[in-house]
Amino acid sequence: MRNRTISTLVAALAAASLLAACGGDSRGDETTAPAEPAASTGATASAEPVPATTEGPALSGTIAADGSSTVGPLTTAAAEAFGAANAGVQVTVGISGTGGGFEKFCAGETDLQNASRAIKDEEKAACAEKGIAYHEFLVANDGIAVVVNKENTWATCLTVDQLKAIWGPDSKAGTWQDADPAFPDESLKLFGPGTDSGTFDFFTKEVNGEEGASRSDYSPSEDDNITVQGVSGEKGGLGYFGLSYYEQNQDKLSAVQVDGGAGCVAPSRETVQDGSYAPLARPLYVYAKAESFTRPEVQAFMAYMIDNATALADTALFVPPTDAQATEAKAKLAAALAG
Amino acid sequence: MRGRALREGSFRGFLYLSLAVGLVALGALLVQVVGDGFSFLDGVLFSNPPSANPDRAGARPAILATIWLLGLVLVFAVPVGVATAVYLEEFANKDRWHNRMLELNIQNLAGVPSIVYGILGLAFLVRGIGLGRVLLAGALILTLLVLPTVIIASREALRAVPGSIRQGGLALGATPWQVTFRSVVPAALPGIATGSILALSRAIGETAPLILVGALTYVAFDPTPLGAFTALPVQIFQWIGRPQEDFRLLAAAAIIVLLGILLTMNAAAILVRNKYQRKW
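Taken in sequence, the protein lines are chains A and B. Quick note on numbering: our numbering labels position 311 of the first sequence as 311, and the sequence is numbered without any gaps. Quick note on numbering: our numbering labels position 197 of the second sequence as 1197, and the sequence is numbered without any gaps.
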């Protein structure tokens, strides 16, 4: 009896694994094709990334990337396209957050670090202490969209001072009128990212003048889609998140223009690229550990990511680097490759 | 007389209402998830790695890793858990202080939040003994997580075996060892199997401890025990947070797969119980 019981158990497990092995094929024939980022994402993929070709012996090895959950999808898109032409190279991407990622990076546990801000002084110190040298590459841009409910007809443009009056650590603003006497007496419902987020760090630094300084009586969420739902469900709702979340939800939300001192500017790829969407536009970085960068597969991957930055950014819904940024990144890459 | 009928009727109504809360919630969840995810529940989901393009994204590494985790947890947790239960129930002298402390600790461990196990795994397995952020570390942490549940369920099953079985065996001249392994444990096996399968069901839904020991979100290759890994709940978590609507539908499809594995395991537990259960 004991044996029969055990064999039933094994059969049950086998059934569960069969479940994973079967399945039809209804999402098209492209499934067997090598995975190069395609234009069918619904994003405006203007250019296909060039399949990564390798000269000489096939590359192999593993590349461990971790860090910002904002930058993660970009590195993932690069890893996918790169892997299609370099099957021997295994790239993994984690999303520990920019801060959590730097902790691993400076402990020498990862090869690449995705960062939605530049490395901080204390992180530089931590890296230096462990003898971790690195190269910094700008890979894309991102804008922070400030969004309101579709029924909000009054707030089409907010100055940074108004945003600070709403979001500042000492803010008591309970209605829109408290931010601007011209606004109606509609109660203010605030939504935003959690305090572990790089977006939170950036927004609080640019708007409130001090990183991490924010009023705390808002609805925080690590999932920006929750913020989308919250703001679209409250007439007096106000929230902020990465530009791509606004672009994907334009039918549900309105983005307000932001006046950083030089007039009202709406967030868009163009205004983020040309720097006019100030101060809520930021560059995104990938840091490569210098020791790892001596390996050919890491060099090839970074070169691929920088050479195809525009196409990859389009695929993964990022704002591509400007021409000047791209030129600088290529120069840095060449310098790093030269040693 | 009428008052009693009324009381009985309203209590019965309350019981039905309680039952309905659970069933309606589960039903609504199933309808919502199946409605959202059905269009993405196809071969691509099972055969492709994750992708930046939702049309081509699948969860093959995550599904395989979840099956790996299940298998490894089964291999680690069940023998150790059953052996512990047999010792505590059949051999341990319950008057000794160290056995009582052991029992108390196991009861307490069953209630420890899973994230605490994750921190233990990061400090002890990943960094302490330098195992690294690999699938095996995740499996070991899930093993520790479900071990108390396996032990408690196995003890309950052993305790349900009537004392007359043991006494009968001993009276016929069998040694305690023979009685335990030829009579008591086989009689308790259906209960042990059910408890173990339900404990494993808990393990496959865990996300937090796996993220701490290093489950990643993009792994394009099939997992191995000593390689980097992801898992279905982690993959679902990551897809839900993406800006594109399609990724959320994909997450719903992955949830259906996870529910499918879970329900299959629970069904297996019920089958095992019904087939081998004995009335004494």
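Read the hints as simulated data drawn from the structure, not as lab findings. Among the clues, some could well be false.
Not the full set, but computed from the structure, chain B residues with beta-carbon under 10 angstroms of chain A [to be verified]:
#1 TYR1016
#2 SER1018
#3 SER1114
#4 ALA1123
#5 SER1164
#6 ARG1166
#7 LEU1216
#8 VAL1219
#9 GLY1227
#10 ALA1228
#11 GLN1238
#12 GLU1245
Per label pair, the in silico range of CB-to-CB distance [stated by the list, open to error]:
#13 VAL1075/B - LYS130/A: 52 to 62 angstroms
#14 GLY1027/B - ALA107/A: 39 to 49 angstroms
#15 ALA324/A - ARG1202/B: 45 to 55 angstroms
#16 ARG1202/B - THR327/A: 29 to 39 angstroms
#17 ALA107/A - TYR1087/B: 48 to 58 angstroms
#18 ALA334/A - LEU1262/B: 45 to 55 angstroms
#19 GLY1111/B - ASP217/A: 27 to 37 angstroms
#20 GLY1009/B - GLN177/A: 37 to 47 angstroms
#21 ASP196/A - GLY1260/B: 24 to 34 angstroms
#22 LEU1102/B - ALA133/A: 35 to 45 angstroms
#23 ASP274/A - ALA1020/B: 54 to 64 angstroms
#24 LYS252/A - GLY1111/B: 54 to 64 angstroms
#25 VAL1034/B - ALA107/A: 36 to 46 angstroms
All figures in this text were calculated on a predicted structure; none of them were measured in a lab. All C-beta atoms in this analysis are idealised placements derived from N, C-alpha and C, irrespective of residue type, glycine included.
Taking the earlier hints as the rules, which of them does this structure contradict? Violated hints: 1, 2, 3, 4, 5, 6, 13, 16, 17, 20, 22 and 24; rest satisfied.
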